[in-house]
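S.K.: Okay, here's what each chain looks like letter by letter:
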Amino acid sequence: MTTAPDRHSYLDAPYGLKAWLLTKDHKRIAMLYLISITAFFALGGIFAAGIRLELLTPKGDVWTADTYNKLFSMHGVIMVFFFLVPSIPATLGNFLMPIMVGAKDLAFPRINLISWYLYIIGGAIVVTVLAMGGIDTGWTFYTPYSAIGSNTHVTLAIVGVFVAGFSSILTGFNFIVTVHRMRAPGMTWFRLPLFVWSMYATSIQMILGTPVVAITLALVAAERSLGLGIFDPKLGGDPVLFQHLFWFYSHPAVYIMILPSMGVISELVAAMARKQIFGYGFVAGSSIAIGVLGFLVWGHHLFVSSQSIYAGMVFSIITMLVAVPSAVKVFNWTATFYKGSISWESPTYYTIGFMGLFLIGGLTGLFLATMGLDIHLHDTYFVVAHFHFIMVGGAVMAFLGGLHFWWPKMTGRMYNEPLAKTAAVLVFVGFNLTFGPQFILGYLGMPRRYYSYPEELQLWNVLSTAGASILGVGYLLAFTYLVYSLFYGELAPANPWGAKGLEWQTSSPPPTFNFDEDPVVNEPAYDYNPSGREVHVG
Amino acid sequence: MANPSVHGHGPDGPPASLGPATHHPRQQHHFYSMGQQLEASILGMWVFLVTEVMFFGGMFMAYIVYRNMYPIAFEASSHELNVTMGAANTLVLICSSLTMVLAVRSAQVGSRMGQIVNLILTILLGSTFLVIKYFEYAAKFEHHLVPGPNFTPELPMGSQLYFSLYFCLTGIHALHMVIGIGIMLVMLYWAIKGRFTPDYYNPIEISGLYWHFVDIVWIFLFPLLYLLGYHFNGV
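Top to bottom, those sequences are chains A and B. Anchor point for the first sequence: position 154 equals 154 in my numbering, and the numbering is continuous, going up by one each time. Anchor point for the second sequence: position 80 equals 80 in my numbering, and the numbering is continuous, going up by one each time.
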């Protein structure tokens, strides 16, 4: 990485491998995270390619059934725990949170570094599991199969996920304290950028949910290795209890993945429409509402797991309620675009793409929240398509959009704009082609996690695999020009988009302590067209 | 909106005038003031304790569910525990909380001797707890009360769940005690070095919060596991 010698930035202040690996600078840790999650995304992507390859034909001809089970299990474990959960929080969040609130760093820089190391240790354990043959339980580790059935390295994989979970807890914990205690003078709660609000809601979910899944998985590991029986039906244990405890985290985990994306999109919409965000208070409040409601809906994963029908009805209704704050966000983004002066840059492409995909992902969630329909759709490709629309169509689109938007700030370089637009279109088209047909497959009754299927379903599966290749090309293209830009990209100005926010007031890339002078905030967030009015909500 | 202290910042938030005149040697560069640093570390520990509550919460949830599914087994199994030892450990931990809080107080008023004595007492009491726990665990192994193939007593269905939860809950609690004693040893070293002063005592303060939390977990475990049998049929 070469930077002009006259610039002083976090990138070239004390240089070298040791300075980077022992850094306490949140920006450098964000970059370390960015490199590591990209590696895991690629790894998870390879497994996805393996799955789609097998499903190209109705018969199981590429892999054996056992190998296929391991492929989708490792795909899930890696993508969920090692890419999606840390993706936006640990990279963009780590980089931007302190700058956005006007602080020199997160509240606990050393703990921030520890969190990256925990992530790497957890990742290394999972890669070891992979080298030893992987696991075949699915990413959900359902008992009793995971506890007494599977002959794969489940215990070790659980240790890896457990350790990585603590990295996530530490990130959330650091963010919460930072928002409460590190804001610059004048940076009141209702002047915080919406990205900070959504990261705050995410952090609350991280610290409340992750410990529960950690202990639950630890109990499964204890059952496997020590012979204790918490979920073992032979001893009177209840495997459904495992499902409850697992989804108590893992449903909020979906919001851990999507809330940061919503925060990114809020920033992008305002910046790209050059307009004060419509209904700031509602967008901020809806993040918190999603954060709270997200904890009350886990039972919709258990509609067909012997859960009482009355509990199911309550969970169904609360699940539908989540659509309200989600819709508030989408309507407010649309209203922000309305009569804005929209500039069609690559982040705009990703933003529009996100809104479309998130809309479909969210609405199909309502199908699944309906108990009667869920009995038909449960464990089919409809579910797979639904959560990929949210987790890939939503989270990854927003992650890429945010990465493009803040890339000049993070690296000090501009990327190739025409290529970026091409990649955005490729990802959007490829994504729709991959997962759109899966809705139909699921509706027609194709179950998930099977490596063969009846011949009449082949057309949709071929379309899906074709889409996956386009998607892969889109991701590779983005990866290529972004890496290229690190070395040969034009030097970025401090504020290439003409955007508001503290991060654009410092140089690109920022100096080690973020600001040359301690910032004082005296205007509302997104003050693109100052009218003297300010949102007063609290 | 001119006065930031009105909008969100507590009294110890960033001051309106930037850059304090004097810089305490223990103040980390990214904080505006010692007050902000203390507030951040205390809030940090509380947030961490929230995650700890959820961590134990998963096991307590399992306890609630299985206690309702197998009340008779839970009652019978509860009588297998040694209430005297459990009560002794409760007393030991409550005393250790007292010495802990006295250690924090000593740091706040600048008494080095007070910190050293009280930290040593805390460490000794914590170790006493673990020794008693060791004898309890040993008795469980002798009586074949450890879940698994060697679990032989004539107890109703569900009692293995009780003992699985007993070992998980008390085991993870004991692990927290071991970590707590480790932290206290570090605090003791720092106290001997004279690191804590009335204007810098964050580490000992937040370690104290952690210690009290671990005590409180035991205060829940003792009745739920040891006294449960008496709840069903009196003494």
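Warning: the hint list may mix true and false statements.
[As the list claims (entries may be wrong)] Only some residues are given here: those of chain B computed to face chain A with a beta carbon under 8 Å:
no.	residue
1	Gly57
2	Gly58
3	Asn68
4	Tyr70
5	Ile72
6	His143
7	Pro147
8	Gly148
9	Cys168
10	Asp199
[Stated by the list, open to error] Have a look at the derived ranges for each label pair, beta carbon to beta carbon:
no.	chain 1	residue 1	chain 2	residue 2	range
11	B	Pro198	A	Gly285	35 to 43 Å
12	B	Gly148	A	Thr128	40 to 48 Å
13	A	His8	B	Pro198	33 to 41 Å
14	B	Leu227	A	Pro233	48 to 56 Å
15	B	Gly110	A	Phe487	37 to 45 Å
16	A	Ala311	B	His23	24 to 32 Å
17	A	Ile114	B	Phe135	41 to 49 Å
18	A	Asp518	B	Gly110	27 to 35 Å
19	B	Asn68	A	Phe479	22 to 30 Å
20	A	Leu226	B	Asp199	25 to 33 Å
21	B	Phe135	A	His376	52 to 60 Å
22	B	Phe135	A	Ala311	50 to 58 Å
23	A	His8	B	Gly110	36 to 44 Å
[Unchecked claim] Pulled from the structure, derived: some chain B residues nowhere near chain A, Cβ distances all over 10 Å:
no.	residue
24	Ala40
25	Ala73
26	Glu136
27	Ser164
28	Phe213
Hints in this document: simulated from the structure, not taken from any laboratory. Values in this document were obtained by computation on a predicted structure and should not be read as measured data. The beta carbon of each residue, even a glycine, is placed where N, CA and C say it ideally should be.
S.K.: All hints, please: hold or fail.
M.R.: Hints, verified against the model:
Because the beta carbon of B/Gly57 sits about 6 Å from the nearest beta carbon in chain A, less than 8 Å, this interface hint is met. The beta carbon of B/Gly58 is positioned within 8 Å of a beta carbon in chain A (closest approach about 4 Å), and the interface hint is therefore held. Restraint check, B/Asn68 versus chain A: the minimum CB separation of about 11 Å is more than 8 Å; hint violated. The beta carbon of B/Tyr70 is positioned within 8 Å of a beta carbon in chain A (closest approach about 6 Å), and the interface hint is therefore held.
The beta carbon of B/Ile72 is not positioned within 8 Å of any beta carbon in chain A (closest approach about 12 Å), and the interface hint is therefore violated. At its closest, the beta carbon of B/His143 sits 17 Å from a beta carbon of chain A; the interface hint therefore is violated under the 8 Å criterion. This hint holds: B/Pro147 has a C-beta 5 Å from the nearest C-beta of chain A, less than the 8 Å allowed. A least Cβ separation of about 4 Å between B/Gly148 and chain A falls short of the 8 Å threshold, and the interface hint therefore holds.
Look at B/Cys168: its Cβ gets to within about 7 Å of chain A, closer than 8 Å, so that hint holds up. Taken as an interface hint, B/Asp199 does not check out: its beta carbon lies about 18 Å from the nearest beta carbon of chain A, beyond 8 Å. For the pair B/Pro198 and A/Gly285, the supplied restraint of 35 to 43 Å holds, since their beta-carbon distance comes to about 42 Å. Distance hint check for B/Gly148 and A/Thr128: the Cβ-Cβ separation is about 27 Å, which falls outside the suggested range of 40 to 48 Å.
Between A/His8 and B/Pro198 the C-beta distance comes to about 38 Å, which sits within the given range of 33 to 41 Å. Checking the proposed 48 to 56 Å range against B/Leu227 and A/Pro233 shows it is violated: the Cβ atoms sit about 29 Å from each other. Our hint of 37 to 45 Å for B/Gly110 and A/Phe487 is violated, since their Cβ atoms are close to 56 Å apart. Distance hint check: the CB atoms of A/Ala311 and B/His23 are about 57 Å apart, inconsistent with the given range 24 to 32 Å.
Checked against the given bound of 41 to 49 Å, the beta carbons of A/Ile114 and B/Phe135, roughly 36 Å apart, lie outside it. A C-beta distance of roughly 32 Å is found between A/Asp518 and B/Gly110, which places it inside the suggested range of 27 to 35 Å. As the Cβ distance of B/Asn68 to A/Phe479 is approximately 53 Å, the hint placing it in 22 to 30 Å is violated. The hinted range of 25 to 33 Å is not satisfied by A/Leu226 and B/Asp199, whose Cβ atoms lie roughly 48 Å apart.
Distance hint check for B/Phe135 and A/His376: the Cβ-Cβ separation is about 58 Å, which falls inside the suggested range of 52 to 60 Å. Evaluation of the 50 to 58 Å hint for B/Phe135 and A/Ala311 yields a failure: the beta carbon distance comes to about 43 Å. A/His8 and B/Gly110 have their C-beta atoms about 41 Å apart, which keeps the hinted 36 to 44 Å range intact. Non-interface status of B/Ala40 relative to chain A is broken: a Cβ of that chain comes within 10 Å, the nearest being about 4 Å off.
Some Cβ of chain A comes within 10 Å of the Cβ of B/Ala73; the nearest lies about 8 Å off, and the non-interface call is violated. The beta carbon of B/Glu136 sits about 17 Å from the closest Cβ of chain A, which is more than 10 Å, so the claim that it is off the interface holds. Not every CB of chain A is more than 10 Å from the CB of B/Ser164 (nearest about 4 Å), against its label as outside the interface. Consistency note on B/Phe213: stated as away from chain A, and its beta-carbon is indeed over 10 Å from all of that chain's, at 13 Å minimum.
Violated hints, listed in ascending order, are 3, 5, 6, 10, 12, 14, 15, 16, 17, 19, 20, 22, 24, 25, 27; each of the other numbered hints is respected by the structure.
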